[in-house]
Amino acid sequence: MSVSTNPSARGRKAVAPARRVRRLSRRDKLVLGLMVGIPTLIQLVLVWIPTLMSVGLSFTRWNGLELTDIKPAGAENYQFIAQDYPPFWPAMQHNVLWLAFLAFVATPLGLLLAVLLDQNIRGTRIYQSIFFAPVMLSLALIGIIWQLFYNRDSGLLNFVLGTAGTPQAVDWFGDSSVNIWAALFAATWRHAGYVMILYLAGLKGVDPTLREAAQIDGANSVQTFFQVIFPAMRPVNVIIIVITVIESLRAFDIVYVINRGTNGLELISALVIQNLVGEGQVIGIGSALAVILLVISLIPITFYLSRAFGKDKEA
Amino acid sequence: MSIAHPTDAAAAGTPADAGPRSSGAGSTGPRPGRPANNKQGKRHYGTHVFLIVMAAIWLVPLGWAIFTALRPKADTDKYGYFSTGGAFNFDNFTQAWTQGGFSQLFWNSVLITVPSVFLILFFASMMAFAVSRVSWKFNITLLIMFTAGNLLPPQVLAAPLFEMFKHFELPYAISDSGNLLNTYISVIAVDTAFQIGFVTFVLSNYMKALSPELTEAALVDGAGVWRQYWDIILPLCRPALAAMGTLEVIFIYNDFFWPLLFIQSGDRLPVTTAINNLQGQFLSNYNLIAAGAMITAVPALVIYLLLQRHFVAGLTLGSSKG
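Chains as they are written, first to last, in the numbering used here: chain A, 1 to 315; chain B, 316 to 637.
Derived from the structure by calculation, the hints contain no laboratory data.
Computed from a prediction, not measured in an experiment: that's the story for all the values here.
Keep in mind that the hints are not guaranteed to be accurate.
[As the list claims (entries may be wrong)] The list that follows gives simulated cross-link-like pairs (lysine to aspartate or glutamate, EDC-like), each with its CA atoms no further than 20 Å apart:
# : chain 1 : residue 1 : chain 2 : residue 2
1 : A       : Lys29     : B       : Asp536
2 : B       : Lys481    : A       : Glu66
3 : B       : Lys452    : A       : Asp28
[Claimed, not checked] Ranges between beta-carbon positions, derived for each pair:
# : chain 1 : residue 1 : chain 2 : residue 2 : range
4 : B       : Arg553    : A       : Gln168    : 56 to 66 Å
5 : A       : Gln168    : B       : His482    : 48 to 58 Å
6 : B       : Val613    : A       : Ile241    : 28 to 38 Å
7 : B       : Trp422    : A       : Ala213    : 49 to 59 Å
Beta carbons are placed, not taken as given, at the ideal position from N, Cα and C, and that holds for glycine.
Turn these sequences into a full structure, and let the hints guide you.
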């Protein structure tokens, strides 16, 4: 914001590096100020200021009605969440499980598909289209589609297992001992295709001479992949790590569609919303949960930004 | 889901090559020709078996939904869901369409998606132009702020945004809630703000790769900043804009959360959020639910078939540094 309101400072700083900036007229500076200022203002007002407000609200007690009712509460909300809020620790566990499953099942599966499809294999385009199709669908819709598959009485899975219509039939999304796993398979359906497409692009970008050199040195294809190709895709690997972590923190739509994130499907993101729109709004608790989510998210975000922008800053 | 996914390795000029039509080119094979084939024949056989099995598994959920949707409820009640008896027709689709009010829901999706995508491309390209073509102090700081904002989980800002919109009073002539809640504007504004970051990041990398001489020549001719942006840089960014536009249409169309938070009237919800109500609306008529779900999938799948290249390019397009 300081940007748009302070064009003279900008002009001064820019004298040295770029010849073309010095020639900017007054009008050009105004135009540039607006070009930067309007998007920045939108970003500040609708993303960053609300984020800071979440932090502020997390230290208050408020029912969401009158602004004058906001009362300071210190760290009470956090204390309540950690000690007296039963769904919190299950939700943390589920988020960790979500991350572990995406990281150790869905992502490697996507990588495997990419490696296999990167060979000159017949029908690769058809395979890619099939694996990629779920990426086009919203997670909410994926929840519904898998609900049809998982249903106790009408779902395909119980028919295939031969339990449909018997007392052993499992309600895969309803039974709190299995529904998180059922949801994770549904999430994998989408995530693996996403990872596959990014790695396919990454594999195309690897210098083919690297592979040839490794093979001349006598490395077999597995060695070549893990010791040469995979490390060469480092930039893609960073992005995949970030996407995997962020997706597991953002997981929300699918559990909300199934049962609003209750009964075995608690996730931090869902608890935030439950406290926000539930019967008795407890904005303070919801905000404290949001801040916990924020703090965890800052780890992958910082990791990513340091990789993506680190070199720029040195330059 | 709208994470920044710049794939450095996707060579800047040919991001679309990463897409499903590629890989025949033999850019990476050990020896991109026939000779190695005999040795690899066996391995490819196993690979094919694996891929066919995986592809079949991948198709099952969608296939089952389509199968269920095509069968009348009476027939599935009579023969069971796991059977092929009875008729196959589109009756469920027409019934779901009218009973679910899909024409209104799709119109709502259009009203939200179209303005959002245009605003995103417009603001993000301006921002990207300013940070990539003009060098000044806060370029990187701003770009970091924009990129980071896009990576936040939306739930982090849900409460303050909801309260801000609730306390932003509007005349009842404009909004029947008397504030910004339950309006399309609220969803469009937040979608735009949230997505600008990602698109700015991608477009700025794209613009950085364009030669600086392009605009310098224009400057000599006396072209102002706006003309450089609008007449010179934007037309050159057409491939990136097409890719980002396609991607954002899908992202916004698929967005479930913001309308859920801001819009209370069921008849104002966009399709993606409204499917959450299908199960209640159609009770346990799974055939209708399946039909409704498939109707919702159609726009995404049509875009997929028509604009797959742009979509994949959008996903893999990104920075050339790292």
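Hint check:
For the hint pairing lysine 29 of chain A with aspartate 536 of chain B, the CA-to-CA distance comes to about 18 Å; that is within 20 Å, so the pair holds. Restraint check for lysine 481 of chain B and glutamate 66 of chain A: satisfied, since their Cα atoms lie roughly 11 Å apart, inside the 20 Å limit. Between the alpha carbons of lysine 452 of chain B and aspartate 28 of chain A the distance comes to roughly 17 Å, so the proposed pair stays at or under 20 Å and holds. Checked against the hint of 56 to 66 Å, the C-beta distance between arginine 553 of chain B and glutamine 168 of chain A comes to roughly 58 Å, which is consistent with it.
Glutamine 168 of chain A and histidine 482 of chain B have their C-beta atoms about 53 Å apart, which keeps the hinted 48 to 58 Å range intact. At roughly 34 Å, the beta-carbon separation of valine 613 of chain B and isoleucine 241 of chain A lies within the given 28 to 38 Å, and the hint holds. A C-beta distance of roughly 58 Å is found between tryptophan 422 of chain B and alanine 213 of chain A, which places it inside the suggested range of 49 to 59 Å.
Taken one by one, the earlier hints all hold for this structure without exception.
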